[in-house]
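A.B. asks: Let chain A serve as the given structure and place chain B on it in line with the hints.
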Amino acid sequence: MARAVTQRRKTFNTALAWAVGLVIFFPILWTILTSFKTEGDAIAYPPKFLFFDWTLENYSIVQDRSDYMRYLWNSVIIAGGSTLLGIIVAVPAAWSMAFVPSKRTKDILMWMLSTKMLPAVGVLYPIYLMFIKLGLLDTRTGLVIVLMLINLPIIVWMLYTYFKEIPGEILEAARMDGATLREEILYILTPMAIPGIASTVLLNVILAWNEAFWTLNLTAAKAGPLTAFIASYSSPEGLFYAKLSAASTMAIAPILILGWFSQKQLVRGLTFGAVK
Amino acid sequence: MYLRNALCAVSALSLFAAGAATAENIVIATVNNGDMIRMQGLTDDFTAKTGHTVEWVTLEENVLRQRVTTDITTKGGQFDIMTIGMYETPIWGKNGWLVPLNDLSADYDVADILPAMAGGLSYEGTLYAAPFYGESSMVMYRTDLMEKAGLSMPEAPTWDFIRQAAAAMTDRANDINGICLRGKAGWGEGGAFITAMSNSFGARWFDMDWKPTFDSEAWLNTLTFFKGMMDESGPAGYATNGFNENLSLFQQGKCGMWIDATVAASFVTNPNDSTVADSVGFALAPDNGLGKRSNWLWAWALAIPAGTQKEAAAKQFVEWATSKGYIELVASKEGWANVPPGARTSLYENPDYQAVPFAKMTLDSILSANPNSPTVDEVPYVGVQFAAIPEFAGIATDVSQEFSAAYAGQQTVEEALAKAQAIATDAMEAAGY
Numbered sequence: 001m002a003r004a005v006t007q008r009r010k011t012f013n014t015a016l017a018w019a020v021g022l023v024i025f026f027p028i029l030w031t032i033l034t035s036f037k038t039e040g041d042a043i044a045y046p047p048k049f050l051f052f053d054w055t056l057e058n059y060s061i062v063q064d065r066s067d068y069m070r071y072l073w074n075s076v077i078i079a080g081g082s083t084l085l086g087i088i089v090a091v092p093a094a095w096s097m098a099f100v101p102s103k104r105t106k107d108i109l110m111w112m113l114s115t116k117m118l119p120a121v122g123v124l125y126p127i128y129l130m131f132i133k134l135g136l137l138d139t140r141t142g143l144v145i146v147l148m149l150i151n152l153p154i155i156v157w158m159l160y161t162y163f164k165e166i167p168g169e170i171l172e173a174a175r176m177d178g179a180t181l182r183e184e185i186l187y188i189l190t191p192m193a194i195p196g197i198a199s200t201v202l203l204n205v206i207l208a209w210n211e212a213f214w215t216l217n218l219t220a221a222k223a224g225p226l227t228a229f230i231a232s233y234s235s236p237e238g239l240f241y242a243k244l245s246a247a248s249t250m251a252i253a254p255i256l257i258l259g260w261f262s263q264k265q266l267v268r269g270l271t272f273g274a275v276k
Numbered sequence: 001m002y003l004r005n006a007l008c009a010v011s012a013l014s015l016f017a018a019g020a021a022t023a024e025n026i027v028i029a030t031v032n033n034g035d036m037i038r039m040q041g042l043t044d045d046f047t048a049k050t051g052h053t054v055e056w057v058t059l060e061e062n063v064l065r066q067r068v069t070t071d072i073t074t075k076g077g078q079f080d081i082m083t084i085g086m087y088e089t090p091i092w093g094k095n096g097w098l099v100p101l102n103d104l105s106a107d108y109d110v111a112d113i114l115p116a117m118a119g120g121l122s123y124e125g126t127l128y129a130a131p132f133y134g135e136s137s138m139v140m141y142r143t144d145l146m147e148k149a150g151l152s153m154p155e156a157p158t159w160d161f162i163r164q165a166a167a168a169m170t171d172r173a174n175d176i177n178g179i180c181l182r183g184k185a186g187w188g189e190g191g192a193f194i195t196a197m198s199n200s201f202g203a204r205w206f207d208m209d210w211k212p213t214f215d216s217e218a219w220l221n222t223l224t225f226f227k228g229m230m231d232e233s234g235p236a237g238y239a240t241n242g243f244n245e246n247l248s249l250f251q252q253g254k255c256g257m258w259i260d261a262t263v264a265a266s267f268v269t270n271p272n273d274s275t276v277a278d279s280v281g282f283a284l285a286p287d288n289g290l291g292k293r294s295n296w297l298w299a300w301a302l303a304i305p306a307g308t309q310k311e312a313a314a315k316q317f318v319e320w321a322t323s324k325g326y327i328e329l330v331a332s333k334e335g336w337a338n339v340p341p342g343a344r345t346s347l348y349e350n351p352d353y354q355a356v357p358f359a360k361m362t363l364d365s366i367l368s369a370n371p372n373s374p375t376v377d378e379v380p381y382v383g384v385q386f387a388a389i390p391e392f393a394g395i396a397t398d399v400s401q402e403f404s405a406a407y408a409g410q411q412t413v414e415e416a417l418a419k420a421q422a423i424a425t426d427a428m429e430a431a432g433y
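Protein chains in written order, with the UniProt record's numbering: chain A, 1 to 276; chain B, 1 to 433.
If you are wondering where the hints come from, they were derived from the structure by calculation, not from laboratory data.
The calculated lysine-lysine pairs, modelled on PhoX-like cross-linking and capped at a C-alpha distance of 20 Å, are: (1) A:48 with B:254; (2) A:222 with B:75; (3) A:103 with A:164.
Bound conformation, chain A alone:
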């Protein structure tokens, strides 16, 4: 009897999870469906769900008008580069805060997080002027640096949380065996924190991939990533919904595929240390 109740609850929970998942996924599904419609069908009321004339015309137009591969490559470099640089800077920082805390560690962590509360537009002009001086406008290098700095508080916080879950005694043992600081971080700490580092990397790749303020404001013709690609199909005067949907689908496809293949690692990392 008890088993039947558990089974019913399981079924209910599964159905609920699917329903919530579908609600969350629906905007993306609708974008994908709209990308296969004509502009007329895209604005039809009542909306057409599946029964419309499917067409690839929007993809063809987008491909003709824009150099998708250039935008994609820029996105890969910028998201990948900023995340890699961020991890290199954040691992030692998180290590020191987790294992050699001072009385100001908590304050420093809070201060780092507080920088995320600053509206980006408030520092647009200073950063733009600095970029002019340094010749970094419309360069991938510039964006790698800016996105790394923006996401650094999150990376440090995430790594700090994961590192805190690792018993300090293990590191002490390594030190007693003669491990240097570099060896301790590289060969003891990092392998143990791989799930946490992996989920931090994935989350930051997603954040950098989707970042649409700095990537639009600091680029022009050369370094624009996929966010600039999408922005070029949005218009308040003229119907571009189907083309915009095609561009959006092309822009999110790589990150969706990456997320799909790494979901196990992502979930493992995010729940790392949740149950002791």
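C.D. replies: Here is chain B on its own, set in the frame of chain A:
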């Protein structure tokens, strides 16, 4: 004849050679709309003639505005040509941020630019941006529904007639709204419409001392009339409808009338997109008998930021893209209905273009808008649906949010106007007016 051909060939070759000798790559920031995208597709013609290559940065209108403003105010130098509107041009020209276009070639024929456009894109008589296309606003209406309602649209209707016709055409059972208008917040969306409409009701943004006038009876009448008419005959949720939402409704046959940008005429009469393409009529934007109509004036224009290293090549592009030759090039490839409208007088003298159904009404609408005298009472600013001062965009965005809240029933018209007066007064005082 041979001699003339030979001379033509030599001059064409020398033009190409001159261009090729100093071939440049110019970067152009532009908006995403049909005419601009068409221009991008025809850029090969420019490259073939001059040797210069072009890179495009296409952005949504509001993103573009922020992007180019950041670049020009910091002298970032990311763009050699910027697509800007009538609002920015005189302000940027006054600040010395744009290259004056006072030395364009004789072939270009500056005098052919429609005076209203040239006036709106100049500062103290100097042209700072060349109009790529221009627009006003007008009434687009369903001829079949108008006939069914037993009414006939005058060429120059009044607001009272529009309200009466809207009520008569409304058929809620068949989901037909008598009239669709912009109510969406934003200075370029609902803010532009209500400002142009207020001109015909005798209202104005500022008096001659730069004091806001939302406490006037003219503004109360404007908003009360707009909300009353839209509540009676407008679509549900009109407070959030902008150009695209109304275009979509009209194309699907759900609007009896739509008062909006003249460029929409080519969209609603295109049978590929519009279900009502063969039953659309046009009329001037309405008035109230006070001497000013409710149509606006706008142009998307090409300007060259001061300090660009490629000024000569940029000027060549501006001349090419806004020339008579470009219009003919588009006509030869896409037909006369698709040429960029509203910029040149000669276009409206062309018999081929005169055959386009909305050509005459577009021209009449443009000619009836005067940015230098937009209102019934005198004002200290230039601009029909805006006041060409840097503070306007911010103030008008906030004010239009209050108006949209009133349309949505979240506050009364009186409350919206009181808040608008306070917002505008505070901002103008802070700006030192």
